[in-house]
Amino acid sequence: MAMATDVVIVDAEDIVPIGVIPPDSVRTPGVLVDYLLARGA
Amino acid sequence: MGIEMDATTIIVRRVARELRPNTLVNLGIGMPTKVTGHLPPGVNVFFQSENGLLGMGPVPPDGMEDPDLTDAGGSFVTALPGAAAFDSAMSFGLIRGGHLDVTVLGGLQVDRHGRLANWMIPGKMIPGMGGAMDLVSGAKRVIVAMTHTAKGAPKILRKCTLPLTSVRRISLVVTEMAVIGFTDAGPELREVAPGVSVADVIAATEAELIVPAEVPVMAF
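Chains as they are written, first to last, in the working numbering: chain A, 1 to 41; chain B, 1 to 220.
These are calculated hints, taken from the structure and not from any lab test. There may be inaccurate statements among the hints.
Here are a few chain B residues that face chain A, going by a calculated C-beta distance under 8 Å [unchecked claim]:
(1) Asn-51
(2) Leu-54
(3) Ala-85
(4) Gly-93
(5) Ala-213
(6) Pro-216
(7) Val-217
(8) Ala-219
Glycine is no exception: its CB is placed at the ideal position from the N, C-alpha and C atoms.
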């Protein structure tokens, strides 16, 4: 879906440090994401 | 400037200045891959390798090569933290789907309309067109990094004699002599290399260039 749209907003359960997600596990590369919702800590 | 630069260094240093932070860039095999060594400090660029890696890093130190981690030309690379690995369908989906900001490719010939020929020479063995056609068709901006002439013959022509990679107009050609932009009106001389005159560039170019009154010298 992210490939097909102009604006992509991600609402993640957990925002983890860069490098925690192994490359083979990435389903939607960050280059496709425009906004990331930051939930309160 | 104080540094002697050969043709390749001039080209890749000038191309590196075209890259903007936080953009997705695909570098073609050969000369374009050298652009990574000349990124201005603080310019963070995401490099894609079309065999399925986004977040490609520099060449690994000797002994640290991973046989499963190469670029599209088969050379060993590294993956930066946060890198993504995926299959060819996804990789070319990124390219064809217009998600790529810039591609830098080598060139055999470019014509006055900005059409590129870089994938085969009839009668000679060719490795295959690779991703060039997709890259030229899909990237938002196409930069061709190539020498201005080959064995004395111009490579920027009125009409290409070699089979075209695409009919889509490329954005920019950077050679060791000049920076040329392609517009509706035709090829425009934007910059000359240090020590090169406008007359030198015109003499080495078969296509007729639009030459503004002032042509600045390349800055690195």
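Exercise for review: So, Val-217 of chain B near chain A? Judge it on the closest CB pair being under 8 Å.
Suggested key: Where the cut-off is 8 Å and the nearest Cβ of chain A is about 35 Å from Val-217 of chain B, the hint is violated.
Review point. Does Ala-219 of chain B pass the interface check with chain A, least Cβ-Cβ distance below 8 Å?
Key: violated (29 Å)
Check your understanding: Holds or violated: Ala-213 of chain B as interface residue toward chain A, Cβ cutoff 8 Å?
Key -> violated (40 Å)
Check your understanding: Can Asn-51 of chain B be said to touch chain A, with a Cβ gap under 8 Å?
Key -> Because about 13 Å separates Asn-51 of chain B from the closest Cβ in chain A, which is outside the 8 Å limit, the hint is violated.
Practice item. Return the status of the interface hint for Leu-54 of chain B: holds when the least beta-carbon distance to chain A is below 8 Å, violated otherwise. Key: Where the cut-off is 8 Å and the nearest Cβ of chain A is about 5 Å from Leu-54 of chain B, the hint holds.
Check your understanding: Are Pro-216 of chain B and chain A close enough, Cβ to Cβ, to be under 8 Å, as the hint says?
Key -> Where the cut-off is 8 Å and the nearest Cβ of chain A is about 33 Å from Pro-216 of chain B, the hint is violated.
Review point. For the hint on Gly-93 of chain B, does the least C-beta distance to chain A fall short of 8 Å?
Key: The hint holds - Gly-93 of chain B has a Cβ within 8 Å of chain A, the shortest such distance being about 6 Å.
**Study point:** Evaluation of the interface hint that places Ala-85 of chain B against chain A, nearest CB under 8 Å
**Key:** holds (4 Å)
Hint compliance for this structure: hints 1, 5, 6, 7 and 8 are broken, all remaining hints hold.
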